[in-house]
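Engineer: These are the residues of each chain, in order.
Number of protein chains: 2
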Amino acid sequence: MSKNLKLGIFGFGVVGQGLYHVLEETKGIKAEVLKICVKHPNKKRPLPERYFTFQKEDILENPEVDVVLELIDDPEAAFQIVSTALKKGKAVVTANKKMVADHMTELYDLQKKYNVPILYEGACCASIPIIRNLEEYYDNDLLSAVEGIFNGSTNYILTKVFAEQKSFGEALTEAQELGYAETDPTLDVGGFDAKYKLCIILNHAFGLFVNPDDVFNYGIQNISEFDIKIAREKGYKIKLVAKSRKIGNRVVAMVIPKFVNEKSELFKVENEYNGVIVEGAFSEHQFFIGKGAGGYPTGSAVLSDISALTYNYKYEYKKTKQVSNLELSSDIELTIYLRFDDPSLIDKDDFIKILEEYKALENQYIIGKINFSKLVSAKWLSSPKVNMILMHNGDENHR
Amino acid sequence: MSKNLKLGIFGFGVVGQGLYHVLEETKGIKAEVLKICVKHPNKKRPLPERYFTFQKEDILENPEVDVVLELIDDPEAAFQIVSTALKKGKAVVTANKKMVADHMTELYDLQKKYNVPILYEGACCASIPIIRNLEEYYDNDLLSAVEGIFNGSTNYILTKVFAEQKSFGEALTEAQELGYAETDPTLDVGGFDAKYKLCIILNHAFGLFVNPDDVFNYGIQNISEFDIKIAREKGYKIKLVAKSRKIGNRVVAMVIPKFVNEKSELFKVENEYNGVIVEGAFSEHQFFIGKGAGGYPTGSAVLSDISALTYNYKYEYKKTKQVSNLELSSDIELTIYLRFDDPSLIDKDDFIKILEEYKALENQYIIGKINFSKLVSAKWLSSPKVNMILMHNGDENHR
Numbered sequence: 107m108s109k110n111l112k113l114g115i116f117g118f119g120v121v122g123q124g125l126y127h128v129l130e131e132t133k134g135i136k137a138e139v140l141k142i143c144v145k146h147p148n149k150k151r152p153l154p155e156r157y158f159t160f161q162k163e164d165i166l167e168n169p170e171v172d173v174v175l176e177l178i179d180d181p182e183a184a185f186q187i188v189s190t191a192l193k194k195g196k197a198v199v200t201a202n203k204k205m206v207a208d209h210m211t212e213l214y215d216l217q218k219k220y221n222v223p224i225l226y227e228g229a230c231c232a233s234i235p236i237i238r239n240l241e242e243y244y245d246n247d248l249l250s251a252v253e254g255i256f257n258g259s260t261n262y263i264l265t266k267v268f269a270e271q272k273s274f275g276e277a278l279t280e281a282q283e284l285g286y287a288e289t290d291p292t293l294d295v296g297g298f299d300a301k302y303k304l305c306i307i308l309n310h311a312f313g314l315f316v317n318p319d320d321v322f323n324y325g326i327q328n329i330s331e332f333d334i335k336i337a338r339e340k341g342y343k344i345k346l347v348a349k350s351r352k353i354g355n356r357v358v359a360m361v362i363p364k365f366v367n368e369k370s371e372l373f374k375v376e377n378e379y380n381g382v383i384v385e386g387a388f389s390e391h392q393f394f395i396g397k398g399a400g401g402y403p404t405g406s407a408v409l410s411d412i413s414a415l416t417y418n419y420k421y422e423y424k425k426t427k428q429v430s431n432l433e434l435s436s437d438i439e440l441t442i443y444l445r446f447d448d449p450s451l452i453d454k455d456d457f458i459k460i461l462e463e464y465k466a467l468e469n470q471y472i473i474g475k476i477n478f479s480k481l482v483s484a485k486w487l488s489s490p491k492v493n494m495i496l497m498h499n500g501d502e503n504h505r
Numbered sequence: 107m108s109k110n111l112k113l114g115i116f117g118f119g120v121v122g123q124g125l126y127h128v129l130e131e132t133k134g135i136k137a138e139v140l141k142i143c144v145k146h147p148n149k150k151r152p153l154p155e156r157y158f159t160f161q162k163e164d165i166l167e168n169p170e171v172d173v174v175l176e177l178i179d180d181p182e183a184a185f186q187i188v189s190t191a192l193k194k195g196k197a198v199v200t201a202n203k204k205m206v207a208d209h210m211t212e213l214y215d216l217q218k219k220y221n222v223p224i225l226y227e228g229a230c231c232a233s234i235p236i237i238r239n240l241e242e243y244y245d246n247d248l249l250s251a252v253e254g255i256f257n258g259s260t261n262y263i264l265t266k267v268f269a270e271q272k273s274f275g276e277a278l279t280e281a282q283e284l285g286y287a288e289t290d291p292t293l294d295v296g297g298f299d300a301k302y303k304l305c306i307i308l309n310h311a312f313g314l315f316v317n318p319d320d321v322f323n324y325g326i327q328n329i330s331e332f333d334i335k336i337a338r339e340k341g342y343k344i345k346l347v348a349k350s351r352k353i354g355n356r357v358v359a360m361v362i363p364k365f366v367n368e369k370s371e372l373f374k375v376e377n378e379y380n381g382v383i384v385e386g387a388f389s390e391h392q393f394f395i396g397k398g399a400g401g402y403p404t405g406s407a408v409l410s411d412i413s414a415l416t417y418n419y420k421y422e423y424k425k426t427k428q429v430s431n432l433e434l435s436s437d438i439e440l441t442i443y444l445r446f447d448d449p450s451l452i453d454k455d456d457f458i459k460i461l462e463e464y465k466a467l468e469n470q471y472i473i474g475k476i477n478f479s480k481l482v483s484a485k486w487l488s489s490p491k492v493n494m495i496l497m498h499n500g501d502e503n504h505r
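These protein sequences, in sequence, are chains A and B. Quick note on this note's numbering: the first sequence kicks off at 107 and runs consecutively. Quick note on this note's numbering: the second sequence kicks off at 107 and runs consecutively.
It should be emphasised that the hints constitute simulated quantities derived from the structure, not laboratory data. Misleading hints may appear alongside valid ones.
Since the list gives no way to pick out one identical chain from another, each pair is judged satisfied if it fits inside one copy or across any two copies.
What the hints assert, rightly or not - Below, computed lysine-lysine pairings styled on BS3-like, alpha-carbon distance capped at 25 Å:
{"id": "1", "residue 1": "465", "residue 2": "491"}
{"id": "2", "residue 1": "475", "residue 2": "491"}
{"id": "3", "residue 1": "112", "residue 2": "193"}
{"id": "4", "residue 1": "133", "residue 2": "427"}
{"id": "5", "residue 1": "193", "residue 2": "141"}
{"id": "6", "residue 1": "420", "residue 2": "112"}
{"id": "7", "residue 1": "145", "residue 2": "162"}
{"id": "8", "residue 1": "112", "residue 2": "427"}
{"id": "9", "residue 1": "193", "residue 2": "149"}
{"id": "10", "residue 1": "374", "residue 2": "340"}
{"id": "11", "residue 1": "219", "residue 2": "136"}
{"id": "12", "residue 1": "133", "residue 2": "420"}
{"id": "13", "residue 1": "136", "residue 2": "427"}
{"id": "14", "residue 1": "133", "residue 2": "218"}
{"id": "15", "residue 1": "136", "residue 2": "420"}
{"id": "16", "residue 1": "335", "residue 2": "369"}
{"id": "17", "residue 1": "480", "residue 2": "491"}
{"id": "18", "residue 1": "145", "residue 2": "193"}
{"id": "19", "residue 1": "424", "residue 2": "112"}
{"id": "20", "residue 1": "219", "residue 2": "162"}
{"id": "21", "residue 1": "374", "residue 2": "349"}
{"id": "22", "residue 1": "340", "residue 2": "475"}
{"id": "23", "residue 1": "369", "residue 2": "266"}
{"id": "24", "residue 1": "374", "residue 2": "266"}
Using the sequences and the accompanying hints, generate a full structural model.
Structural biologist: Shown next as structure tokens:
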């Protein structure tokens with residue numbers, strides 16, 4: 107029979123409150139909130155005072171607490187809480203993607219050492235059960251690629267900018283007001299949030315432990331009206347895409363804006379939705395769409411982890427045991443669109459081949475083939491007056 | 107640690123062979139095939155003879171066998187095997203939708219009585235983990251609807267008929283040759299296969315035990331060139347859709363051909379793929395696409411069940427315990443397209459309202475509102491010269 111779990115929660119923001127309400131309205135789950143640890147003593151809160159504490163020991167040192175839910179913003183404080191909880195033999199559920207991505211190795215070791223699970227489905231694409239799905243692929247060579255839209259707020263922004271001709275700033279403010287955006291918008295807009303999720307997925311898909319700093323991310327902050335016009339003319343939308351592909355013993359991974367045409371499954375993933383494509387040897391092609399942001403979808407994923415703990419579920423990390431010489435690689439040819447106003451800003455010699463060139467008074471662009479390793483180290487890419495977008499078939503030749 | 111499971115398999119057709127190869131190539135799973143029980147002693151088989159037996163006792167009475175995989179065609183023989191296995195304390199994995207749908211109550215009782223799990227993810231939409239996903243919704247009132255394309259072979263046929271102007275018979279033969287179609291094609295084409303899956307889903311979504319005979323199914327066998335022409339003119343595709351929706355304490359369920367337009371997520375689900383839309387209170391709208399037929403996708407779902415057994419997973423059937431006055435109902439208004447050549451074949455008085463009428467020399471159709479309970483009992487619906495298709499917004503007013 108399933109256990110009646112006692113929960114201690116850290117953080118009571120969008121996700122914490124979402125979880126509380128989901129839990130409250132879900133009679134089928136036997137779990138009870140004992141304490142909620144919060145930072146600011148003076149904030150007004152929608153629950154009676156007796157639930158709240160400002161001392162983390164009230165949860166971490168409380169022998170009654172079975173499960174610690176870590177739902178705070180600060181990744182380093184979160185790691186302190188989570189590692190202490192695991193050392194005390196408490197199961198952990200977290201939705202903190204940066205914390206998990208930054209400390210994957212330590213969290214893996216702590217779980218093994220203290221024989222206690224940590225689950226983090228809510229950290230990846232909220233309502234899409236992607237980690238559990240990837241755990242169902244038992245060998246890393248049975249998976250060839252995971253690709254998708256992993257960030258709800260940038261997808262919301264791009265949808266609004268595209269469909270409703272809103273300005274970038276206007277759409278961002280709207281996303282923040284709706285609770286889809288991280289407190290620091292550069293985390294979303296710069297592709298960092300999607301990258302943390304990708305790093306977690308790289309582990310469950312291929313068994314790789316990667317440092318997020320080693321994975322390339324390029325955001326949507328430089329997208330201009332001109333870029334959008336070009337996309338429209340070509341029948342594309344622009345989506346911020348997280349990609350990973352296993353090629354022999356190399357894994358290529360990146361977060362990058364991409365032109366997608368209507369044949370792509372990602373074309374129709376709009377607003378705060380996320381979409382994930384999984385290419386496997388036997389199931390071949392699976393596609394998942396679901397809400398990727400917001401307190402309720404994330405709360406519901408957290409609840410699903412709590413429920414899994416009642417039957418002693420834990421991630422098996424099977425693929426980490428199969429990895430021998432697998433490594434992250436940037437040796438792949440990409441076809442990119444590169445827009446700039448002044449040709450002195452960029453270096454065409456970095457390209458293997460220029461396929462198209464366009465010049466007008468205020469805008470120029472080239473479409474060309476470039477090695478990913480060259481792109482990663484290109485100085486011109488950091489200019490705010492330059493924008494880069496992966497072509498819709500930008501790495502097709504490697505499929 | 108996960109157990110090393112010993113498997114006894116019944117049946118070595120498309121799914122059995124698919125499973126064997128998936129298992130063979132999946133080093134990450136510790137499970138071993140002990141015996142395979144087959145019916146025909148003289149068939150040529152791709153494995154050494156020592157694997158095979160023609161006596162079911164060699165598996166059912168073998169104390170070494172932990173898990174019985176039931177992968178045969180005949181639902182009644184399958185139920186005998188499965189119920190015996192459960193009584194002997196052996197876990198069961200099956201992909202037999204008709205058997206599970208027909209015997210849901212008995213299987214539920216056997217599991218409880220003998221405290222041994224039966225898993226059947228492979229019975230519903232092959233590579234889409236729909237049952238496990240529905241198990242993650244803990245209360246039936248947190249789910250409002252499950253709808254989708256549940257049958258790969260009819261979707262393959264409709265895709266070919268639509269996109270490649272193939273004839274119905276030609277497309278069916280092709281689907282059978284590819285191993286997507288059931289041995290008896292009326293199971294697929296008549297919507298029975300989709301209905302069995304829907305019945306299983308009705309249990310895991312809403313907690314209902316239903317007799318498949320009580321669920322309405324209308325197939326695609328009467329679709330004519332004219333219907334396809336009309337669909338094209340209106341910008342629709344025809345999809346065979348399984349639908350269920352909870353409205354208060356009633357659940358409406360049916361399998362029915364439906365016009366879908368490009369705004370529907372099902373529009374792009376083509377060939378042997380299945381697609382399932384889940385509407386939930388907290389995750390709101392999830393959509394899953396994956397291969398819905400074929401030995402490998404089904405084998406991979408079966409393997410995922412085998413793996414789940416290594417950590418003692420079982421379905422919780424939480425919603426069956428929450429059901430008090432929930433019942434299957436056909437009291438809902440539908441908007442349907444009805445085509446016929448002779449108006450004496452149908453009875454317009456059955457309709458609440460006729461919205462459109464079209465007459466030509468050889469074909470006539472009406473589009474009108476009708477109560478579902480009226481439709482279910484309409485005699486004219488059994489005429490092979492009549493065809494009925496649900497309009498794309500056919501029950502929208504109840505959403």
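Engineer: Against each hint, give a clear statement of whether it holds in the structure.
Structural biologist: Right, here's what the structure says about each hint:
{"no.": "1", "hint": "465 x 491", "result": "within (15 Å within a copy, 62 Å between copies)"}
{"no.": "2", "hint": "475 x 491", "result": "within (21 Å within a copy, 58 Å between copies)"}
{"no.": "3", "hint": "112 x 193", "result": "within (18 Å within a copy, 36 Å between copies)"}
{"no.": "4", "hint": "133 x 427", "result": "between (39 Å within a copy, 11 Å between copies)"}
{"no.": "5", "hint": "193 x 141", "result": "within (19 Å within a copy, 45 Å between copies)"}
{"no.": "6", "hint": "420 x 112", "result": "both (18 Å within a copy, 23 Å between copies)"}
{"no.": "7", "hint": "145 x 162", "result": "within (10 Å within a copy, 64 Å between copies)"}
{"no.": "8", "hint": "112 x 427", "result": "between (33 Å within a copy, 23 Å between copies)"}
{"no.": "9", "hint": "193 x 149", "result": "neither (31 Å within a copy, 58 Å between copies)"}
{"no.": "10", "hint": "374 x 340", "result": "both (16 Å within a copy, 21 Å between copies)"}
{"no.": "11", "hint": "219 x 136", "result": "between (28 Å within a copy, 23 Å between copies)"}
{"no.": "12", "hint": "133 x 420", "result": "both (24 Å within a copy, 20 Å between copies)"}
{"no.": "13", "hint": "136 x 427", "result": "between (34 Å within a copy, 14 Å between copies)"}
{"no.": "14", "hint": "133 x 218", "result": "between (33 Å within a copy, 22 Å between copies)"}
{"no.": "15", "hint": "136 x 420", "result": "both (19 Å within a copy, 17 Å between copies)"}
{"no.": "16", "hint": "335 x 369", "result": "both (20 Å within a copy, 24 Å between copies)"}
{"no.": "17", "hint": "480 x 491", "result": "within (19 Å within a copy, 65 Å between copies)"}
{"no.": "18", "hint": "145 x 193", "result": "within (23 Å within a copy, 55 Å between copies)"}
{"no.": "19", "hint": "424 x 112", "result": "between (29 Å within a copy, 20 Å between copies)"}
{"no.": "20", "hint": "219 x 162", "result": "within (23 Å within a copy, 45 Å between copies)"}
{"no.": "21", "hint": "374 x 349", "result": "both (18 Å within a copy, 22 Å between copies)"}
{"no.": "22", "hint": "340 x 475", "result": "within (19 Å within a copy, 42 Å between copies)"}
{"no.": "23", "hint": "369 x 266", "result": "both (21 Å within a copy, 18 Å between copies)"}
{"no.": "24", "hint": "374 x 266", "result": "both (13 Å within a copy, 23 Å between copies)"}
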